[in-house]
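Peer 1: Every number in my numbering is 21 more than the matching position in the sequence shown, counting from 1.
Some hints here could point you the wrong way.
What the hints assert, rightly or not - Each computed DMTMM-like pair below joins lysine to aspartate or glutamate, with the alpha-carbon atoms no more than 25 Å apart:
1. K173 - D184
2. K102 - E60
3. K173 - E152
4. K102 - E92
Calculated from the structure, these hints are not laboratory results.
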Amino acid sequence: MADLVVATTDSRVDSKYRRAPADAPVPPPPRPVRRGHREGSLYQRRDGRWVAAVSDGSGRRVCRYRRSRAEADAALADLLKTAAATPPMMRERSTVGGFLLSWLETTARPTVRASTYISYAGIVHQHLIPELGRIRLARLAPQDVQALLDRKLACGLSARRVDYLRGVLQRALNQAIRRGLLVRNPAALARAPGAPRHRIRPLDADEVRRLVAAIRGDRLEALYTLAVVTGMRRGEVLGLRWADVDLDRGMLRVHHAMERLDGTYRLVEPPSSRRRRTIALPGTVLRSLRVHRESQQRERVRAGADWADGGLVFATPLGRPLDATAVTRGLHRHLERSGLRPQRFDDLRHACASLLLAQGVDPRVVMGILGQSRLTLTLTADSHVLPTLTADAAERIDRVLEPDPRG
Numbered sequence: 022m023a024d025l026v027v028a029t030t031d032s033r034v035d036s037k038y039r040r041a042p043a044d045a046p047v048p049p050p051p052r053p054v055r056r057g058h059r060e061g062s063l064y065q066r067r068d069g070r071w072v073a074a075v076s077d078g079s080g081r082r083v084c085r086y087r088r089s090r091a092e093a094d095a096a097l098a099d100l101l102k103t104a105a106a107t108p109p110m111m112r113e114r115s116t117v118g119g120f121l122l123s124w125l126e127t128t129a130r131p132t133v134r135a136s137t138y139i140s141y142a143g144i145v146h147q148h149l150i151p152e153l154g155r156i157r158l159a160r161l162a163p164q165d166v167q168a169l170l171d172r173k174l175a176c177g178l179s180a181r182r183v184d185y186l187r188g189v190l191q192r193a194l195n196q197a198i199r200r201g202l203l204v205r206n207p208a209a210l211a212r213a214p215g216a217p218r219h220r221i222r223p224l225d226a227d228e229v230r231r232l233v234a235a236i237r238g239d240r241l242e243a244l245y246t247l248a249v250v251t252g253m254r255r256g257e258v259l260g261l262r263w264a265d266v267d268l269d270r271g272m273l274r275v276h277h278a279m280e281r282l283d284g285t286y287r288l289v290e291p292p293s294s295r296r297r298r299t300i301a302l303p304g305t306v307l308r309s310l311r312v313h314r315e316s317q318q319r320e321r322v323r324a325g326a327d328w329a330d331g332g333l334v335f336a337t338p339l340g341r342p343l344d345a346t347a348v349t350r351g352l353h354r355h356l357e358r359s360g361l362r363p364q365r366f367d368d369l370r371h372a373c374a375s376l377l378l379a380q381g382v383d384p385r386v387v388m389g390i391l392g393q394s395r396l397t398l399t400l401t402a403d404s405h406v407l408p409t410l411t412a413d414a415a416e417r418i419d420r421v422l423e424p425d426p427r428g
């Protein structure tokens, strides 16, 4: 009786742990897990990876590759959730043109400045809808976008403009992905044209001193001095109000920028919190601002009832907003008179950053002064100053490694 029990137990153990013969055939890979209609599929490849796959509603198969069954299950759940968020008929019938018009009104208009919205609308109506508008959104492919970009370049549109066109389309299609109308962004997969970048050659310390000397006595001397010393953007300088300036404490707050739209000037809030900042003013700027305020008070008395009291620090002799183009032309005249190379107004920001970095100011502090959102922008845009900084660093290391003369 005992032998019978032992034999039964041994047979179970053998069947569980018995090794397969060396010449046994390799078993086929696991078959796909059978699932119901529209539940996707889950299977393992010969290389061991697991695959989660679903149909996106337009006849295309969307796959996600994972290392384990659990990760593939999670990926499949995400794909099914995205596929269920939008009815198949909506995905099928939505065209690129219809989606772009909806995106302009429901997403772009409430979230960007009016001038940016007008720029987006011009791109959509002049370039995107005429070329891609009739294509089903779910069937838009990277090659469709690439063909559009190539045609625009061939028609004489600048590479920079074509790259901007692609950027607008990519931003819109990102919203389509969030809504579940697309699973990938065809504009992101298209090849961007090689737009030539403006080579930045900011003024060095000696050149800045020459510029400051050249603008001395100009009606807008304080404006140009403030721009080159603080790195404020042109719109930020033109939108600065006396209410945001504290001459006693030597501080100013950047809370607005001046924008011109359809011939009308208006103050707009910064597009990001990083641009909303407080800047400490050096003595050079404070003295210049005090002289400017006294001069503006005299202009206000002369204007009398014609004075437009907008509270602006920099305004016309009648208190109205300054024209940005005229301000830039004034800068160009001073540069030419000083024998300096041409500069865009915002190139003064790079001159400011270069001077600060050369003085050993921490790049993160420079980023805060300029109101930049990423540290890489500060270091990349002003990389011309890095050779000087690295040479200084090398000299400091040499001083540390030099033998002590005291023995």
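Peer 1: Next step is simple, just say for each hint if it's right about the structure.
Peer 2: Structure-based check of each hint:
no.: 1; hint: K173 - D184; in the structure: holds (10 Å)
no.: 2; hint: K102 - E60; in the structure: holds (10 Å)
no.: 3; hint: K173 - E152; in the structure: holds (10 Å)
no.: 4; hint: K102 - E92; in the structure: holds (15 Å)
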